[in-house]
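Sequence order for the protein chains is Y and X. Per the working numbering, residue 1 is the first one in the first sequence, and the count goes up by one each step. Per the working numbering, residue 1 is the first one in the second sequence, and the count goes up by one each step.
Be aware that a few hints might be false.
In silico DSSO-like cross-links for lysine-lysine, where the CA-CA straight-line distance does not exceed 30 Å [to be verified]:
{"#": "1", "chain 1": "Y", "residue 1": "Lys145", "chain 2": "Y", "residue 2": "Lys45"}
{"#": "2", "chain 1": "Y", "residue 1": "Lys319", "chain 2": "X", "residue 2": "Lys135"}
{"#": "3", "chain 1": "X", "residue 1": "Lys133", "chain 2": "Y", "residue 2": "Lys319"}
Hints in this document: simulated from the structure, not taken from any laboratory. These numbers were taken from a predicted model, which means no experiment stands behind them.
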Amino acid sequence: MIACLFVPLFPLAARLRAEPEIKDEAVAVCEGNGSAARLVAATRKARRAGIEAGMTLPQARAILPKLVARGRDRACESSAQEALLEVAESFSPRVEDAGEGVVYLELDGHPMLGVPGEITPLTTPSSKGRGAASLGMAILLAAEKALLPARVGVAASKLAARVAAGLPGSPTVVADGEEQRFLAPLPLERLAPALEIAATLDRWGLHSIGDFAKLPEGQVGSRLGEAGRALHATARGIDPRPLEPRLPPPVFTEGLELEWPLATLEPFLFVGHAALERLVRRLETQALACTRLDVALELDPGGHDARSIALPAPTRDVKTLLTLVRLELEARPPGAAVAGFSFTAHPDAPRRAQLTLFGPAALSPDRLATTIARLAALLGSDRVGSPRSVDGHRPERLTLTGYAPPPPPRVKPAPRDGRGLLSVRVLRPPVELEVLLENAPLTLPSPPDGGRGEKEIRPVSVRTLAPDAAPPIAGSVRVAAGPWSLEEGWWTDAPADRDYWDVELTDGGLYRIYRDRDGGHWFADGVYD
Amino acid sequence: MSGAQAMAPALADLLEGKGLSRKAAAQSLLSGLGAKLTRASDLPSPASRRDPLPTRVPALDRLLSGGLPRGGLVELCGRRSSGRFSIAMSTLAAATSSGEAAALVDLGGHLDPQSAEDAGVDLERLLWVRPEKLKGAVASAEMLLSTGFPLVVVDLGLPPVRGRFVPDAAWVRLERAARSHGAALFVLAPYRVSGIAAGAAVSAGSARALWEGSGRGTRLLGGLSARLVLEKDALARRGEGEMGLVVAEVIAPLTLPSPPCGGRGFAQSLSSPNGGRGFAQTPSPPNGGRGLG
Numbered sequence: 001m002i003a004c005l006f007v008p009l010f011p012l013a014a015r016l017r018a019e020p021e022i023k024d025e026a027v028a029v030c031e032g033n034g035s036a037a038r039l040v041a042a043t044r045k046a047r048r049a050g051i052e053a054g055m056t057l058p059q060a061r062a063i064l065p066k067l068v069a070r071g072r073d074r075a076c077e078s079s080a081q082e083a084l085l086e087v088a089e090s091f092s093p094r095v096e097d098a099g100e101g102v103v104y105l106e107l108d109g110h111p112m113l114g115v116p117g118e119i120t121p122l123t124t125p126s127s128k129g130r131g132a133a134s135l136g137m138a139i140l141l142a143a144e145k146a147l148l149p150a151r152v153g154v155a156a157s158k159l160a161a162r163v164a165a166g167l168p169g170s171p172t173v174v175a176d177g178e179e180q181r182f183l184a185p186l187p188l189e190r191l192a193p194a195l196e197i198a199a200t201l202d203r204w205g206l207h208s209i210g211d212f213a214k215l216p217e218g219q220v221g222s223r224l225g226e227a228g229r230a231l232h233a234t235a236r237g238i239d240p241r242p243l244e245p246r247l248p249p250p251v252f253t254e255g256l257e258l259e260w261p262l263a264t265l266e267p268f269l270f271v272g273h274a275a276l277e278r279l280v281r282r283l284e285t286q287a288l289a290c291t292r293l294d295v296a297l298e299l300d301p302g303g304h305d306a307r308s309i310a311l312p313a314p315t316r317d318v319k320t321l322l323t324l325v326r327l328e329l330e331a332r333p334p335g336a337a338v339a340g341f342s343f344t345a346h347p348d349a350p351r352r353a354q355l356t357l358f359g360p361a362a363l364s365p366d367r368l369a370t371t372i373a374r375l376a377a378l379l380g381s382d383r384v385g386s387p388r389s390v391d392g393h394r395p396e397r398l399t400l401t402g403y404a405p406p407p408p409p410r411v412k413p414a415p416r417d418g419r420g421l422l423s424v425r426v427l428r429p430p431v432e433l434e435v436l437l438e439n440a441p442l443t444l445p446s447p448p449d450g451g452r453g454e455k456e457i458r459p460v461s462v463r464t465l466a467p468d469a470a471p472p473i474a475g476s477v478r479v480a481a482g483p484w485s486l487e488e489g490w491w492t493d494a495p496a497d498r499d500y501w502d503v504e505l506t507d508g509g510l511y512r513i514y515r516d517r518d519g520g521h522w523f524a525d526g527v528y529d
Numbered sequence: 001m002s003g004a005q006a007m008a009p010a011l012a013d014l015l016e017g018k019g020l021s022r023k024a025a026a027q028s029l030l031s032g033l034g035a036k037l038t039r040a041s042d043l044p045s046p047a048s049r050r051d052p053l054p055t056r057v058p059a060l061d062r063l064l065s066g067g068l069p070r071g072g073l074v075e076l077c078g079r080r081s082s083g084r085f086s087i088a089m090s091t092l093a094a095a096t097s098s099g100e101a102a103a104l105v106d107l108g109g110h111l112d113p114q115s116a117e118d119a120g121v122d123l124e125r126l127l128w129v130r131p132e133k134l135k136g137a138v139a140s141a142e143m144l145l146s147t148g149f150p151l152v153v154v155d156l157g158l159p160p161v162r163g164r165f166v167p168d169a170a171w172v173r174l175e176r177a178a179r180s181h182g183a184a185l186f187v188l189a190p191y192r193v194s195g196i197a198a199g200a201a202v203s204a205g206s207a208r209a210l211w212e213g214s215g216r217g218t219r220l221l222g223g224l225s226a227r228l229v230l231e232k233d234a235l236a237r238r239g240e241g242e243m244g245l246v247v248a249e250v251i252a253p254l255t256l257p258s259p260p261c262g263g264r265g266f267a268q269s270l271s272s273p274n275g276g277r278g279f280a281q282t283p284s285p286p287n288g289g290r291g292l293g
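Could you build the full structure based on these sequences and the hints that come with them?
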């Protein structure tokens, strides 16, 4: 079985999907420029007032001055078509993109249809017929959730499904083998014949599909040619075209061409928010999350601006994405008014975790990813993460990795004893000091070479060199312990050759200071606290 | 493999109801290599999620009746070298070693991963956030609380605190976020900042460095001792059902011993891949580097 998902007045539906706030107004979508613009579609409210497709915009405005007119927006229509395809893909893996608001999907094997076989029409309901109708209704509801008013037809061939989808009272189910009987009473226009053939058939006095199907196939072929023969076959319910499934998109895109160029950020974020919401909704239907967001801007009067925002973890949080877009645009303004934009999401599977009943509650991976992305946007990506120690001897050594905590243990770990250790606050960067020293007799045992009469130096007073250094350090040294020598990386461009001291000042502050032996400068790089 | 094979008949016996009388069969399921069952008593009870979060600093745990209350704000203030940061490390170690995630909002960016690891912090479970200004620290803490972190430690660093003054309402908002998510919020500041929002306020003062050695001989930093004073305990008052805040002076000594790695002070943060004994050798500690207890 094949279902056809069809959105009537697709250019209008796509536009209203992008601008849902005007859906209750008299809206028309037109194509072309200036006074030559012709209406393509109009809402019911506009049609009731006498607006019809094909009118020029001035004509329509003469009838209805308050008509809200919008131009055809290819970016909108492309997004809406993608959204329609994604709705179909949530029901079947085999989906064909027929363009302009038409999508076919294969339903064979769907659990709601039961065992593959004949389906009787709704007029004589059976379980299979009810199953197909229920499935059609579910597809309709999913399309409505994607903000697309659609119709659904279910039949054995694409043609019958398409025609069924065009009928009101959706969903319409055509039983297998009943295609010809279903088509017979319908007008010939439903088959959308070529204009010449339609005129010929009209001259022949044929108005319904059934009348045309009764004609002998050979005679039709000899008079109307190959196109006429194909049309005759479709009138008899024969549609040899198979479903041509499409590949899933590698990226998801939503965009909009703006009526007026936007020169400030807030209005842009307002329309961008709606586009991101649509984008996230589409990602949700595929159970995916955004791992990278590309922002492409059309600038006025010409030019493009493109940028890419990498997320620390896949997310579907609109607020986070919008914050990232805001920060990116604030940091690097595009330099011209924006006339159109598109957001492209690169999808990835969201993080999942099994929650525990007994152990410590695990963090929701989705919320955690969102928070980390927001923190990275707020503070900078190098200021959020999980710290790691690095092999080496320099106290300032450090590396930062992405935060991905392991799942909590299943059972309660044994409690550990509570001896707190004295920790050190590392000062990054080290604070340069001015240190007064005193020479004292060396108290260590004499070195093996007999010693050379060296004096031990000892800090007696320290003071930060820069007046605005943070934290300010100044005072006399009450106790000093050291020196401890550190030499590392002498073979590199940035070697460390230092003498470290632990000092206690008279104000009670406990500091770790060192003398850089290369330059003789003193620094404080830690506070015991 | 042999453990699993031994367990299989025991499990089969139990499933058939034959093994219930065999204590040995049940024991083999609960112990040994093939053990796959867990005693109910070993599972954390749901009530444990409401238990206070211990700081593993006995004096502070005693003052706070067991530790940091979940769903409340505790503020610890003290001047430089009063043991604030060590208490933060100890609290983070307690939470992460029991399998809970924790976040450290570190305004000064002072964390030393090596030192934290030595203190027992499981770095994999620790999220480290380094805002530049006080406003960013408060905003970060609110986000982390709403994400569900059971422990958020906000360290405002050394004076002067970076960034503009944050109104009391921001701290009240943080306290409410902590309460609604059942999280423990621990604020460490050089002076009182959270105003009325703190459920308990403790000050660390009278800090004294403990040195080994005397006179002009070799000296070694052995540890730090400070006094913790419970200056405010709104939770206790609330428990009694009375209005207002009480200032109760409960004084307990705090003693932070130096690390047991042999080196003191500087040597602890220079601990090398060989176990942190590289720099304690010159000059060698006179007593072999025992902690002060």
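Now the hints, each set against the structure:
1. With a CA separation close to 22 Å, the supplied pair Y/Lys145 and Y/Lys45 stays within the 30 Å bound.
2. This hinted pair checks out: Y/Lys319 and X/Lys135 have alpha carbons roughly 20 Å apart, not beyond 30 Å.
3. The suggested pairing of X/Lys133 with Y/Lys319 holds, with an alpha-carbon distance near 23 Å, which does not exceed 30 Å.
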